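S.K.: Sequence:
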Amino acid sequence: MAAAPLETLVVPAVSRHTATVIFIHGLGDRAEGMKPIIDRCKKDEDLSHVKWVLPYSPVRALTANMGIVMPSWFDILSFGLNSTEDEDGMRKSARLIQELIESEIRSGTDPSRIVIGGFSQGATMSLLSALTGSRKLAGIAVLSGWIPLKHKFKELASPIAASIPIFWGTGSADQLVKLQYSKECAEFLNTELGFPTLTPDSGEIKGLSYNVYDGLGHETTPSELDDLKSFIKRAIPKS
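Residues 1 to 239 in full-length UniProt numbering are what the sequence shown lists, from first letter to last.
None of these hints come from the bench; they were simulated from the model. Keep in mind that this is a model prediction, so the values were computed, not measured. Even glycine gets a Cβ: it sits at the ideal position worked out from N, Cα and C. Among the clues, some could well be false.
[Unchecked claim] Computed beta-carbon distance windows for the label pairs:
(1) 237 / 40: 15 to 25 Å
(2) 187 / 215: 18 to 28 Å
(3) 239 / 176: 30 to 40 Å
(4) 179 / 151: 18 to 28 Å
(5) 12 / 183: 29 to 39 Å
Please put together the full structure from these sequences, using the hints given.
M.R.: Next comes the structure, spelled out in structure tokens:
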């Protein structure tokens, strides 16, 4: 039996809808937890054409957390990003998120006008969903995330993966996704998948824009969100 589609919180475009951002929450959170980020972006007139789709994750018992049930995109078998991963859960959630993308396309939004992103687990699912999918999206936004299934991600990635622009934001003081591991993920995108690294003054968008925010933990900061907003405006401009 096919899995039920994801429930979503939809924030309509302020003006005529010509682009969509799918933004995915992290562990233990809900779609509403992403609203402050969306509300900050919505205030910008240059993003008034964007519809925001905020999916709710499945609720599941977490193995590493004594079976406590909470919203999560995949099971956590043991703590530590280099530990065994719930590949089945990750890939099932990726398929559900890819179906959200297909739903937007069926409703008339071209893939080149769709950005996918998220925070923590949501960022990780954005990478898995977009880089293993068949659609060339406008961009991926990664906030405090990491590459899942890194040991086999290269074989899972689609041939068009490196053509999708990525904004990556991480904190130098993140205790969950430590800076060294985050840098290793960025290097993986460079060396294994062929993403060029973009400099802040390059003016380009195709490639990986990797940004470290000094003193930031596993959270967001206004300067990071302003950089995210700039990335989205370049990826799916109003005009």
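S.K.: Checking each numbered hint in turn, tell me which of them this model violates, lowest number first.
M.R.: none
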